[in-house]
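Asks: Sequence:
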Amino acid sequence: MTPVRRWITLPTTRRCWRSPGLSGWSSRPTMCWPGWYDTRMRPAVQPGVPTLVGSRRVALTIRQTSISVLAAAASSGARVSVPGTRSAAWRRMPPRDEAGQEFAMSIAWDEFYSSRVRWLKDSVTMDLRRIMGDPNVISFFAGLPDPALYPVEDIRLALDHVMAEQGREVLQHAPPAGDGLLKSYLTEKLRRGNVPAQEENMLVLSGSIQGLDLVAEMLLDPGDAVIVEDPTFSGALEVFAKYGARFITVPVDDEGLQVESLAATLLQQRAKFLYTMPTCHNPTGVDLSLARRRRLLAIAREFGLPLVTDDPYGELRYRGTAPPELLALDGEANVIMIGSFSKILAPGLRLGWLLAPSPVVETLRLEKLSADRSTNHLVQRLAAEMARQGMLDRYRETMVTVYGEKLEAILAAMRLYFPPAVKWTTPCGGYFIWVTLPVGLDASLLLERALAQQVAFIPGASFFAAGGGENTLRLCFVNTPLAQIPEGIQRLGRLITELIDGCGDDSPA
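Numbering (this note's numbering), first residue to last: -6 to 502.
Misleading hints may appear alongside valid ones.
[Said to hold, decoys possible] Lysine to aspartate or glutamate pairs mimicking EDC-like chemistry, simulated, CA-CA at most 16 Å apart:
#, residue 1, residue 2
1, Lys416, Asp139
2, Lys235, Asp246
3, Lys416, Asp435
4, Lys399, Asp139
[Said to hold, decoys possible] If you anchor each label on the Cβ, the simulated ranges turn out as follows:
#, residue 1, residue 2, range
5, Ala218, Leu438, 44 to 50 Å
6, Gly173, Gly313, 17 to 23 Å
7, Gly173, Glu491, 55 to 61 Å
8, Glu390, Gly495, 44 to 50 Å
9, Arg184, Thr394, 43 to 49 Å
Keep in mind the hints are simulated off the structure, nothing from the lab. Glycine included, C-beta positions come from ideal geometry on N, C-alpha and C.
Start from the sequences and build out the full structure, keeping to the hints where you can.
Replies: Next comes the structure, spelled out in structure tokens:
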């Protein structure tokens, strides 16, 4: 059944008064967030009404599921089919034997899949991950830290301390919103950057992707529009598409999101929110300029547009000074800010965080409670302990030094080996360089030839929500050994030159 769309009618400013008793950004007129919640969430957030999360409520109410009904019928030897499908979902199965041994059930599982997962498939990044273990491949593909730099000994020491001093506590569930010690560290760090962070505005996540998933579940009904940068992080596109989003794209240039194009778009179309990565953008590596940050906040306030910002790379700065966070420029902005430990500690720990107005955090906390109860308690205390001992700062300084050297090396190699018709961004931080080939060249064909020469990268088309970008590609420089960077870029430059000049045949060289 298609969910019934229900909207709260907002005044022309698209704002309403928040209850004065709510802590958070302020009690000034601001976004009426529940009016943007999707129809699945609204019954769960009525003030003063005790509710259960949907799946648990159903489990308590309907003990006898359809699966058990089908099993009971099949146990008698019946052939059970699903109306409206082309094939039986359950095949004929023998009944229990005299000893009561339960029969083995054979289910055509795809007949039961929801519409959210039927379209899922491995992306080009998943296909390329299969070559990551090949030591002969020079890879500019993986958006992962350099494993040679992982602070393994510091992690061991901090973990020993946590288990010795707090072991019994951290083996219990953490509070659903996150461990107090970690939240205290995060909010203090954000306040040093002039972000008005409070612990009640913070939700600790099992990785930043969980934050995107929770926000999408809260705000999106099938068919709702999301504004995204063009290009943008492909992982976010996958999450939003799972909830039935349709995408409105706004271009990105060397100063980040083209905010005047955004304003023109909002005059014509309504969207649930804008997803943006304003600092060390993935995949382009660019920063949203200070002037555009201020203009973006003004546009969002004018149109009542929620902003969902993603900042996994902001602490990895190799040149210049990082621009201020949006919330540092306007503490009253309608912003959900998502951050991650994947790039500043280790992605395998699956640790992230989210900052939002208090009522929004409470709704997201209820979602998280039904999803995974809480983020790994031991991992949260490990990160807090490493922060307390200064280990995180030392590791970040090491990464900035090493990754900065790699950035200079790859830029120098590109200037030396890439033909003049190729353009690229010059990032000040983060992981990525965005390359634009001459119009008419196909980065997928270049990848075929590059893999034959044992070089890997990601074609840019996967970062475009509405198609296009066939002549673009993303290079990640932090994961590649420094000594391999010039050779890998030289091979790519030679292959690009061959494509431009029309040299070589259509088969991989």
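Asks: All the hints need checking, so say for each whether the structure fits it.
Replies: Checked hints:
1. Taking the CA atoms of Lys416 and Asp139, the gap is near 26 Å; set against the 16 Å cutoff, the hint is violated.
2. For the hint linking Lys235 to Asp246, the alpha-carbon distance of about 28 Å lies beyond 16 Å, and the restraint is violated.
3. Our distance criterion of 16 Å between C-alpha atoms is met by Lys416 and Asp435, whose separation comes to about 15 Å.
4. Restraint check: the Cα-Cα separation between Lys399 and Asp139 comes to about 11 Å, which is no more than 16 Å; the hinted pair holds.
5. For Ala218 and Leu438, the hinted distance range of 44 to 50 Å is not satisfied, since their beta carbons lie about 33 Å from each other.
6. The supplied range of 17 to 23 Å is broken by Gly173 and Gly313, whose beta-carbon atoms lie about 35 Å from each other.
7. As the Cβ distance of Gly173 to Glu491 is approximately 59 Å, the hint placing it in 55 to 61 Å holds.
8. Checked against the hint of 44 to 50 Å, the pair Glu390 and Gly495 passes, with Cβ atoms roughly 48 Å apart.
9. At about 27 Å, the CB distance of Arg184 to Thr394 disagrees with the hint of 43 to 49 Å.
In the structure shown, a violation is registered for the earlier hints numbered 1, 2, 5, 6, 9, in ascending order.
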